[in-house]
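J.: Listed below, chain by chain, are the residues.
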Amino acid sequence: MSQFKNIVSLSFRDYSHEWRMSGCFVLALASVLAPMMILFGLKFGIVSSMINDLVQNPENREIRAVGSGRYLDDWFVEYAKREDVAFIIPKTRALAATIQLKSKTAGRIFSTELLATADGDPVLEMAPRKPSGFNEVILSESIANKLDVRKGEQIDGSLARQFNGKRERVHVELNVIDVMPDHVIDRKIAFVSLDLLLATESFKDGRAVPRLGWTGDDARGLDREYPSFRLYTRSIFDVAPLVAELEDQGVNVKANLAQINTVQSIDRNLTIIFWIIACVGAVGFSFSLGASLWANVDRKHKELSILRLVGFQGGKIVLFPVMQSLYTGMLGWLLAVLIYLMAEQSINQLLAPSLQIERVICYLQPAHFFWALALTLTVAATAAVLGGVRASRIEPSDGLRDI
Amino acid sequence: MSIIYSLRNVVKSRLVDGAGFRLNVPSVDIRAEENIALVGHSGCGKSTLLDMLAMVLHPDSAEQFTITPRDGQSTDLALLWQKKKRNHLSMLRKQHVGYVLQQGGLLPYLTVRENIELPRKLMDMPEDDSTRSLARVMGIHRQLDKLPGLLSAGERQRVAFTRALSHRPSILLADEPTASLDPITARKIMAVVMELVKGLKITMITASHDWAHVYKMDLRSLHQEAAVVENGNVYQSTFRD
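Sequence order for the protein chains is A and B. Numbering-wise, the numbering used here puts 394 at position 394 of the first sequence, and it's gapless, one number per residue. Numbering-wise, the numbering used here puts 136 at position 136 of the second sequence, and it's gapless, one number per residue.
Rather than coming from a laboratory, the hints here were simulated on the basis of the structure. We put the CB at the ideal spot given by N, CA and C, even for glycine. Mixed in with the good hints there might be a few duds.
[To be verified] Covered by chain A, per the in silico footprint, the following chain B stretches (three or more residues, Cβ under 8 Å): (1) 16-27; (2) 49-56; (3) 188-202.
[Said to hold, decoys possible] Derived pair list, reagent style EDC-like, types lysine to aspartate or glutamate, alpha-carbon separation capped at 20 Å: (4) B:K85 to A:D73; (5) B:K85 to B:D60; (6) A:K5 to B:E114; (7) A:K302 to B:E114; (8) B:K146 to A:D398; (9) A:K302 to B:E176; (10) B:K84 to A:E395; (11) B:K12 to A:E344; (12) B:K85 to A:D148.
[To be verified] Some chain A residues near chain B, calculated using beta-carbon distances under 10 Å: (13) Q3; (14) E18; (15) P35; (16) A127; (17) H301; (18) K302; (19) G311; (20) V389; (21) L400; (22) R401.
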């Protein structure tokens, strides 16, 4: 025990006495480790999030019905429950799903496509709240600009029909609860609740909507049938199997399968490339660190011999270079983390504005720092143990008279 | 006086392809508190013999190689080497041997005081003023808080002797301790050491080729002879009583 304590304290005294040499080892370690950390920071930052965007992009996860079908509520309930389906919602006939929008500030009336939405709609992921009831709407940026309205303002929606030989028009007041930017949806769309979409269809079909005070034929007792749907899978990997399954059932669908293939192969290839870089980097780092620490043990040969001459046991002597390697590993890692954090800050602050994105470009999780430390200390200790055991096996008298 | 080292037919060779050097000790007995000089020219195997006595170099073969330090416990060193009992050898070395090298062998990162106290610390000996009084006798008490790098060669050798004696070993081994010093300094240091060794009842074995004649009266020299044997391939050096 006293030998152990003495060795640890002696190894530290030597390490700090030789601070120039120790500093060189620390610098050498950090200068290999820091760039590797920055590389991984970029991988986990910008590259991952770009790949993730492609993988998560709703456009790539969408399955669209082609033509017109007859889907009942039960069918939607069944599909909504499935593991591979993230979101599904009915669509009405295209002709029935249009509304005329008018604002106070714009001179024109714009005929706009209506889409039903609900909680969980991947297209509206950015919107904290989805339209509900009959008086809320989320507009795409392009239509909001034409109408010259912003979030929180009110617009007028109106519908027209020929009923019993008369032309009728009804109005509904709509609160704009959100506006979706172009990169989310680039068409002129008004997202509303399913209730409002169905009310619109009822009105155009000449049926009554008592809740809005719209008159017409009594529609009670009729089963709702939907001609189409909007469906999003959980990930792009679910698209192809689900398309095949739906087509087996006779449902005619379309999806961005070509685009999905491209994204999948980019994802796969980038992952392979990063693993290659990671392995080459880790092996190179291990060899460079191992070699310098091994060389350090050889350099310490005489002093280790003197310690043995004074009476330290050979086995305990191994601790001397091992402790020094651990100091180097620890300090080198600390320095590398500092360099990395400075680089991360600079990269994120300097590049983010020019790339016009809000996400971080360079990023590492706390676990990554831990793994870097674990790798460093393992390599450091292994190299020193190998060198130290060799030194302890050599007869102490051999090192005593080295010049 | 009891016998502290007893060697019979101890052989150590340094041969490459059958040619080289061989040290041969047919019979040497060193008694406790004796003061031995290994006299001979460079390369005659003085350091090799000292290293074997210090238990840092293993003999190739030995009919008998025992150490019997002050505590009276006799140990067969040849057997310990044969059985690779390195920790046992370390322990004996730590307790009973102080070794002074030609170039000091001080640890550059420890102060003079810490260097001197290292053997005591290893043996868990208490901290007392023995370091200070020993340092005063050796004339280095003003240097205790300096690093060895700041000392002169003579001062460094004084520190090396002080370290070798700090834990009160039975045996002091010194390998050309004054070879790098001027004769006057060398004589001054050795005079103090001889006094100390006598007072502390320590067995001293010194390899030397320059100053031993000064203390002829107090020293016993081992006889050394050299011969070229085995068709001129092996230079054989023999030490005897």
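J.: Are the Cα positions of K5 of chain A and E114 of chain B separated by 20 Å at most?
T.: holds (15 Å)
J.: Given the hint that K85 of chain B pairs with D148 of chain A, test it: the Cα-Cα distance must not exceed 20 Å.
T.: violated (93 Å)
J.: Does A127 of chain A pass the interface hint, meaning its C-beta sits closer than 10 Å to a C-beta of chain B?
T.: Given a least distance of 66 Å, the restraint on A127 of chain A is violated.
J.: Are the Cα atoms of K85 of chain B and D60 of chain B separated by 20 Å or less?
T.: holds (16 Å)
J.: Was the hint right that P35 of chain A lines chain B, CB cutoff 10 Å?
T.: At 33 Å from the nearest chain B Cβ, P35 of chain A fails the 10 Å test, so the hint is violated.
J.: Would you check chain A against the region 188-202 of chain B, counting CB to CB pairs closer than 8 Å, and say if three or more residues qualify?
T.: violated (count 0)
J.: With a Cβ-Cβ cutoff of 8 Å, does the region 16-27 of chain B contain at least three residues near chain A?
T.: violated (count 0)
J.: Has the given pair, K84 of chain B with E395 of chain A, been kept, meaning a C-alpha gap of at most 20 Å?
T.: holds (11 Å)
J.: For K302 of chain A and E114 of chain B, compute the direct alpha-carbon distance and say whether it is at most 20 Å.
T.: Within the cut-off at roughly 18 Å; holds.
J.: Just to make sure I understand the rule, a stretch counts as covered if three or more of its residues have a C-beta closer than 8 Å to a C-beta of the chain. Does the region 49-56 of chain B meet that for chain A?
T.: holds (count 3)
J.: Can the restraint linking K85 of chain B and D73 of chain A be considered satisfied, given a maximum Cα separation of 20 Å?
T.: violated (86 Å)
J.: Taking the least C-beta to C-beta distance, is V389 of chain A closer than 10 Å to chain B?
T.: violated (13 Å)
The structure fails hints 1, 3, 4, 8, 11, 12, 15, 16, 17, 20 (numbered hints given earlier, in ascending order).
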